[in-house]
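Engineer: Required output: the full structure, derived from the provided sequences and hints.
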Amino acid sequence: YDLKAEVQTDPEPQKNARILVLGAGCPSCRALEQAVLRALDDLNANISVGHVTDYAEIAKFGVMSTPALVVDGVVKSTGRVLSPEDIQKLLA
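Under the working numbering, the letters of the sequence shown match residues -3 to 88, in that order.
Errors might be hidden in some of the hints.
To be verified - In silico DSS-like cross-links for lysine-lysine, where the CA-CA straight-line distance does not exceed 30 Å:
id: 1; residue 1: Lys85; residue 2: Lys72
id: 2; residue 1: Lys85; residue 2: Lys56
id: 3; residue 1: Lys72; residue 2: Lys56
Unchecked claim - Distance windows between CB atoms, simulated:
id: 4; residue 1: Gly21; residue 2: Gly58; range: 16 to 22 Å
id: 5; residue 1: Asn40; residue 2: Ser61; range: 28 to 34 Å
id: 6; residue 1: Ala20; residue 2: Lys72; range: 17 to 23 Å
id: 7; residue 1: Met60; residue 2: Asn40; range: 33 to 39 Å
id: 8; residue 1: Asn40; residue 2: Gly75; range: 27 to 33 Å
id: 9; residue 1: Asp50; residue 2: Ala88; range: 16 to 22 Å
id: 10; residue 1: Gly75; residue 2: Asn42; range: 24 to 30 Å
id: 11; residue 1: Ala55; residue 2: Ala88; range: 28 to 34 Å
Note that these hints are calculated values from the structure, not bench results. Idealized CB from N, CA, C, for every residue including glycine.
Structural biologist: In structure tokens:
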């Protein structure tokens, strides 16, 4: 996967993305984002993915441990990298 091709250039991705990865851009955050993209590819789903790196925005979700995964505005996971299979189950 080419992460650069998938990353939104919208300065406020949280406004229109259905799935958000919250985290400063550490290796775990990037790994979670890659797992999300793989899961969506496996499901042939065309769902927008955003990445929020601003700590103030992350705090608005009440997240204290990153990486975190948000689906439709609801925090589904914090503090760990989910597998593509786990992400598929969350989206089902």
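Engineer: Each hint needs a verdict: does it hold in this structure or not?
Structural biologist: Do the hints match the structure? See the list:
1. As the CA atoms of Lys85 and Lys72 are separated by approximately 11 Å, the hinted pair is consistent with the 30 Å bound.
2. Taking the CA atoms of Lys85 and Lys56, the gap is about 25 Å. The hint holds against a cut of 30 Å.
3. As the CA atoms of Lys72 and Lys56 are separated by approximately 15 Å, the hinted pair is consistent with the 30 Å bound.
4. Checking the proposed 16 to 22 Å range against Gly21 and Gly58 shows it holds: the Cβ atoms sit about 20 Å from each other.
5. Between Asn40 and Ser61 the C-beta distance comes to about 31 Å, which sits within the given range of 28 to 34 Å.
6. At roughly 19 Å, the beta-carbon separation of Ala20 and Lys72 lies within the given 17 to 23 Å, and the hint holds.
7. About 34 Å separates the C-beta atoms of Met60 and Asn40, a value consistent with the hinted range of 33 to 39 Å.
8. The hinted window of 27 to 33 Å between Asn40 and Gly75 holds, with their beta carbons roughly 29 Å apart.
9. Taking the beta carbon of each, Asp50 and Ala88 are about 30 Å apart, not inside 16 to 22 Å as hinted.
10. Roughly 28 Å separates the CB atoms of Gly75 and Asn42, a value that falls within the hinted 24 to 30 Å.
11. Here the CB-CB span from Ala55 to Ala88 is close to 29 Å, well matched to the stated 28 to 34 Å.
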